[in-house]
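**Student:** Using the sequences and the hints, build the whole thing.
Top line first, the protein sequences correspond to chains A and B.
With the first sequence counted from 1, adding 4 to any position gets you our numbering.
With the second sequence counted from 1, adding 4 to any position gets you our numbering.
None of these hints come from the bench; they were simulated from the model.
Treat the hints with care, as some may be off.
One copy or two, either will do: identical chains are not told apart, so a pair holds if it fits within one copy or between any two.
Keeping only pairs whose Cα atoms sit at most 16 Å apart, straight-line, the calculated EDC-like set for lysine to aspartate or glutamate is [said to hold, decoys possible]: (1) 26 - 384; (2) 154 - 206; (3) 176 - 411; (4) 176 - 408; (5) 433 - 280; (6) 244 - 321; (7) 248 - 321; (8) 37 - 146; (9) 138 - 150; (10) 93 - 192.
2 protein chains.
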Amino acid sequence: MLDSFFNPKSAAVIGASRESRKFGHIIFKNLIKSGIKVYPINPNTEEILGVKCYSSVLDINENIDLAVIVVPSMLVVNAVKECVEKEIKACIIISSGFGEIGNKKDEEEILKLSKGKMRIIGPNVIGLYDAYSKIDTIFNLDYRQERPEKGGISFISQSGAFGAAILDWNYKENIGISKFASIGNSIDVNETDLLDYLNKDDNTKVIALYLEGVKNGRKFYHKLKEMSKPVIVIKAGKSKEGAKASLSHTGSMAGSYSVFSSMLRQAGAIEALNEEEMFDFAKAFSILPCGKRVQIITNGGGFGIMAADAVSHYNLELSNIENTVKIKENLPAFASIGNPIDITGIGTSEMYKICIEESLKDKSVDIILVIIIMQVSSIDNSIIDYLKSQKFEKPVFVCMTGSEFVEVHKKVLEKHGIPVYPSVERAVKSIKNLINYINRKMQ
Amino acid sequence: MLDSFFNPKSAAVIGASRESRKFGHIIFKNLIKSGIKVYPINPNTEEILGVKCYSSVLDINENIDLAVIVVPSMLVVNAVKECVEKEIKACIIISSGFGEIGNKKDEEEILKLSKGKMRIIGPNVIGLYDAYSKIDTIFNLDYRQERPEKGGISFISQSGAFGAAILDWNYKENIGISKFASIGNSIDVNETDLLDYLNKDDNTKVIALYLEGVKNGRKFYHKLKEMSKPVIVIKAGKSKEGAKASLSHTGSMAGSYSVFSSMLRQAGAIEALNEEEMFDFAKAFSILPCGKRVQIITNGGGFGIMAADAVSHYNLELSNIENTVKIKENLPAFASIGNPIDITGIGTSEMYKICIEESLKDKSVDIILVIIIMQVSSIDNSIIDYLKSQKFEKPVFVCMTGSEFVEVHKKVLEKHGIPVYPSVERAVKSIKNLINYINRKMQ
Chain A
5 MLDSFFNPKS
15 AAVIGASRES
25 RKFGHIIFKN
35 LIKSGIKVYP
45 INPNTEEILG
55 VKCYSSVLDI
65 NENIDLAVIV
75 VPSMLVVNAV
85 KECVEKEIKA
95 CIIISSGFGE
105 IGNKKDEEEI
115 LKLSKGKMRI
125 IGPNVIGLYD
135 AYSKIDTIFN
145 LDYRQERPEK
155 GGISFISQSG
165 AFGAAILDWN
175 YKENIGISKF
185 ASIGNSIDVN
195 ETDLLDYLNK
205 DDNTKVIALY
215 LEGVKNGRKF
225 YHKLKEMSKP
235 VIVIKAGKSK
245 EGAKASLSHT
255 GSMAGSYSVF
265 SSMLRQAGAI
275 EALNEEEMFD
285 FAKAFSILPC
295 GKRVQIITNG
305 GGFGIMAADA
315 VSHYNLELSN
325 IENTVKIKEN
335 LPAFASIGNP
345 IDITGIGTSE
355 MYKICIEESL
365 KDKSVDIILV
375 IIIMQVSSID
385 NSIIDYLKSQ
395 KFEKPVFVCM
405 TGSEFVEVHK
415 KVLEKHGIPV
425 YPSVERAVKS
435 IKNLINYINR
445 KMQ
Chain B
5 MLDSFFNPKS
15 AAVIGASRES
25 RKFGHIIFKN
35 LIKSGIKVYP
45 INPNTEEILG
55 VKCYSSVLDI
65 NENIDLAVIV
75 VPSMLVVNAV
85 KECVEKEIKA
95 CIIISSGFGE
105 IGNKKDEEEI
115 LKLSKGKMRI
125 IGPNVIGLYD
135 AYSKIDTIFN
145 LDYRQERPEK
155 GGISFISQSG
165 AFGAAILDWN
175 YKENIGISKF
185 ASIGNSIDVN
195 ETDLLDYLNK
205 DDNTKVIALY
215 LEGVKNGRKF
225 YHKLKEMSKP
235 VIVIKAGKSK
245 EGAKASLSHT
255 GSMAGSYSVF
265 SSMLRQAGAI
275 EALNEEEMFD
285 FAKAFSILPC
295 GKRVQIITNG
305 GGFGIMAADA
315 VSHYNLELSN
325 IENTVKIKEN
335 LPAFASIGNP
345 IDITGIGTSE
355 MYKICIEESL
365 KDKSVDIILV
375 IIIMQVSSID
385 NSIIDYLKSQ
395 KFEKPVFVCM
405 TGSEFVEVHK
415 KVLEKHGIPV
425 YPSVERAVKS
435 IKNLINYINR
445 KMQ
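**Tutor:** Shown next, in the form of structure tokens:
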């Protein structure tokens with residue numbers, strides 16, 4: 005039944021507006037763009053963007069799969085009542101002014117009306133975004149907030165504003181998203197329901213979750229345990245101070261952080277400390293299972309040293325590549341062959357290719373970390389062409405940092421499924437989390 | 005004397021080339037762009053880019069302040085000899101093939117020739133960049149590596165490639181730089197000499213230092229101790245594995261990391277774990293000294309909670325703002341007034357302004373952390389106009405994350421000296437380091 009949220013054939017926007025900056029206008033416009041049939045509901049308006057307006061969903065003859073409610077809080081209960089009467093199966097309540105400010109009464113009334121008949125996301129949410137179906141109820145103007153491209157990560161956020169800002173950042177960082185949902189007060193559909201749904205969703209490979217508190221800890225724990233896909237969690241409200249703030253935000257009781265954190269670990273979920281870690285780790289999970297011996301290949305000595313430091317810091321191992329004959333034949337005399345292999349500043353794309361291929365063949369290597377200083381003129385595009393066109397039998401991670409010129413190449417690699425990190429530390433930390441996850445799941 | 009490196013009136017490029025991708029060509033072209041007089045030296049060429057070529061610096065009648073040597077290693081000793089004879093005071097040896105591959109003999113010969121007569125940066129370096137004088141000896145093509153704008157951070161890197169990639173990233177992140185120097189094998193001018201020079205440099209407010217090892221630990225320690233400007237250090241080669249790699253990179257003996265790390269702390273320097281931390285911390289030092297009570301103001305509840313968590317995690321304090329009358333009068337009824345102050349998703353620029361001004365007046369507030377979700381349509385540009393035009397009497401840090409739309413506003417604020425961070429955790433960690441530094445310096 006949750007599929008009506010992400011793949012509806014028709015939708016009604018209750019509180020649709022003619023004013024271009026109003027939420028009811030932006031959402032209506034976004035839904036029209038997705039190509040489905042959308043009905044604007046507003047008793048005071050004849051038409052919006054050339055589409056005939058209705059006073060109530062009850063005035064519409066056709067079926068409606070999804071309702072999006074954007075009216076002021078005092079009008080929400082009645083809107084829900086009409087949606088149930090119209091036999092709508094899925095309803096998003098964008099409006100705020102409920103549990104988060106102590107108004108539990110209306111929430112209970114809404115639940116009583118909808119129970120067993122209609123599923124509800126919200127209230128107090130920014131809604132949904134699905135990069136595949138293009139369903140988009142986010143009420144931020146598109147010039148202010150970009151929407152990310154299609155990808156394998158689904159993202160659930162208790163906070164709407166956090167979700168929206170991160171989606172915008174995802175776009176900038178070329179992080180592809182499958183489904184996004186902001187769940188706010190989650191009086192009905194909650195994080196556990198969505199985990200269940202996303203575990204079966206073909207477009208979702210990894211799930212990222214921003215939580216302040218959970219509705220039912222026991223159910224959440226069991227759902228996490230039975231997930232076949234990796235789940236990465238940010239827990240906000242860890243400290244006394246943060247927990248206090250979260251109470252007035254989405255009305256969540258944060259509970260003891262240390263208990264929550266060890267529960268996550270036991271359930272096989274991965275905890276991230278911030279949004280950067282969350283998506284760094286998520287990227288790593290597009291990769292195959294593997295051991296922990298890392299071969300570093302670099303054309304910048306400094307980054308190579310920092311990577312070796314990080315491998316040691318995160319308790320991974322440097323591999324001991326055995327057959328170095330071909331590498332020695334092809335690298336400059338003063339190149340350093342070991343781990344890191346430093347092809348040096350005059351190293352070429354061809355040298356990278358040889359080092360990668362020898363590392364792929366070598367039994368002592370589990371993972372290959374390729375650091376490329378693209379700024380150096382001896383490196384041409386052919387290393388990118390090579391990396392993007394291979395189906396590697398071992399996980400290959402790439403590190404590169406810089407501005408436009410680097411970003412262009414990074415985008416190409418990520419489109420072809422190769423995770424690229426801007427710092428060696430973030431790459432190695434993500435490798436570490438991938439390995440931890442695999443080990444825990446195999447226990 | 006080190007000023008001849010950064011502010012020469014004339015320079016010679018020994019090994020200048022007509023071939024557009026060769027180091028000797030790129031450096032020659034970069035130096036010409038700086039507007040100083042530049043002489044190409046190459047016995048096999050008549051002219052380069054329309055400038056008459058000389059066989060040797062000795063054939064030039066005019067004074068030369070700076071020599072940049074780009075010839076193969078076996079020709080370097082002779083080039084140095086001629087530079088000394090020509091009474092050139094500063095010389096950068098770009099060429100590699102010396103101590104880092106065991107060739108100590110030529111290094112000793114070079115030192116013997118130049119001692120007391122000419123200062124040398126290198127060998128095995130990418131050279132210098134000065135955003136003010138525009139002196140630029142970095143041999144990466146400009147379409148591959150951008151140069152950062154003018155700013156208050158000077159950056160010394162033992163690794164050339166690390167330095168170049170980070171400068172490129174600085175450009176993307178709008179991090180302004182004063183002087184950059186890659187010091188490589190540093191047979192003569194080393195990190196300690198440059199600290200001394202930069203401490204007196206008017207354009208330098210903070211110094212960022214990437215080190216694998218130091219030449220003279222005792223001198224380095226004493227110089228750090230007497231510095232009046234903050235110094236932020238990344239130490240690479242912390243682990244056994246990393247230290248081994250650094251030996252073959254710049255020939256540095258890495259030594260014991262724990263000893264080094266506590267030496268830094270005792271000397272009042274700040275250690276950063278990676279390049280992100282290094283420049284995050286550096287940004288914070290553009291700010292005034294202060295206490296540790298932080299007032300958080302946000303229009304996104306989730307980020308507010310995460311910031312409160314970070315304040316607790318880094319042992320700072322949430323301030324207890326006393327006079328909230330004006331704030332209450334002007335914020336939405338369901339806004340949360342405390343710490344964080346959450347003006348909510350319908351909060352306006354005017355509300356931010358009121359909260360900031362009340363926090364500035366309040367004696368319990370030392371630092372203001374303003375989190376702005378710019379994606380929301382209720383926020384207009386006037387908050388940016390307000391922030392950029394004030395001379396705040398307390399440190400104001402800003403957090404915003406997103407893509408293009410956010411980046412445009414971020415750039416405006418940073419140009420006006422307000423540090424902006426993409427995540428609350430990075431902002432709070434940087435505040436923490438600022439306060440630690442101040443406390444240590446005041447002891």
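**Student:** Please flag the earlier hints that this structure goes against, numbers listed from lowest up.
**Tutor:** none
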